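S.K.: Sequence:
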Amino acid sequence: MTWIDRLSFFTPLDMAALALVLLGWWLIGWRIEHPAAKHPSTSQIMAGFRREWMRQMITREPRIFDAQIVASLRQGTAFFASTSVIAIGGALAVIGNAERVTGIANDLTLMDTPAFVWEVKLVILALFLTNAFLKFVWANRLFGYAAVVMAAVPNDISDPACSVRADQAAEINITAARSFNRGLRSVYFALTMAAWLAGPVPLIVATVFTLAVIWRREFASRSRTILLGTES
Numbered sequence: 001m002t003w004i005d006r007l008s009f010f011t012p013l014d015m016a017a018l019a020l021v022l023l024g025w026w027l028i029g030w031r032i033e034h035p036a037a038k039h040p041s042t043s044q045i046m047a048g049f050r051r052e053w054m055r056q057m058i059t060r061e062p063r064i065f066d067a068q069i070v071a072s073l074r075q076g077t078a079f080f081a082s083t084s085v086i087a088i089g090g091a092l093a094v095i096g097n098a099e100r101v102t103g104i105a106n107d108l109t110l111m112d113t114p115a116f117v118w119e120v121k122l123v124i125l126a127l128f129l130t131n132a133f134l135k136f137v138w139a140n141r142l143f144g145y146a147a148v149v150m151a152a153v154p155n156d157i158s159d160p161a162c163s164v165r166a167d168q169a170a171e172i173n174i175t176a177a178r179s180f181n182r183g184l185r186s187v188y189f190a191l192t193m194a195a196w197l198a199g200p201v202p203l204i205v206a207t208v209f210t211l212a213v214i215w216r217r218e219f220a221s222r223s224r225t226i227l228l229g230t231e232s
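Counting from 1, position 3 in the sequence shown corresponds to residue 3 in our numbering; the numbering is continuous, with no gaps.
The hints are all genuine.
Straight-line alpha carbon distances no greater than 25 angstroms define the calculated SDA-like cross-link-like pairs of lysine to any residue that follow:
| # | residue 1 | residue 2 |
| --- | --- | --- |
| 1 | Lys38 | Thr225 |
| 2 | Lys38 | Leu27 |
| 3 | Lys38 | Ile226 |
| 4 | Lys38 | Gly48 |
| 5 | Lys38 | Arg51 |
| 6 | Lys38 | Thr175 |
| 7 | Lys38 | Ser223 |
| 8 | Lys38 | Trp26 |
| 9 | Lys38 | Ala220 |
| 10 | Lys38 | Arg216 |
| 11 | Lys38 | Phe219 |
| 12 | Lys38 | Arg178 |
| 13 | Lys38 | Glu52 |
| 14 | Lys38 | Leu211 |
| 15 | Lys38 | Ala177 |
| 16 | Lys38 | Leu228 |
In short, the hints are calculated from the structure, not lab data. None of the values given here were measured: they were computed from a predicted structure.
All chains should be built: construct the whole structure from the sequences, respecting the hints.
M.R.: Quick look at the structure:
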């Protein structure tokens, strides 16, 4: 049996649900990183605060506080990266025991679904987790780069390199945060993909729910209102 033949195990609704996940994942990420000028996302607002942080750091003595913040950010990326690796290992372990899992899953769903279907679903879930791991690792490295550039900011405010180095540190910091946020979104959608194990309809519902949660946190949360300084 060829791959094309095996794809017939998936219904048109399965394909539509998967397309919705992939399209939603891409669109929400693009919208967060390219919001309307009059309605910035929380991530974009925080980018402005990161730039302000680097400007304030120039005159702060000593800079231990700034170093502690960067160290904390790196710890966060390391934690999520290690968690992603564990999750990937779990997904691969389940794929390796597909026959046993198929028996249990078919008993729960009361359907005679081939092992290939469960394997594909778990592989796609693992791919989201892998993408998350790569984003978290890159974010960890970028925060390390930011720390080095921060250390290169001259203590003498009259030095013309001060503002240049501070701006460089800010932009690397922002890039690291962007990569970290992309990793988080991949984790969100990996959890969403788990709903596919119950069928295409649960996957569609989970996707809509995930998109609504991410949208609210980025564009309609109370924390965003506070950051904008518009809370009454």
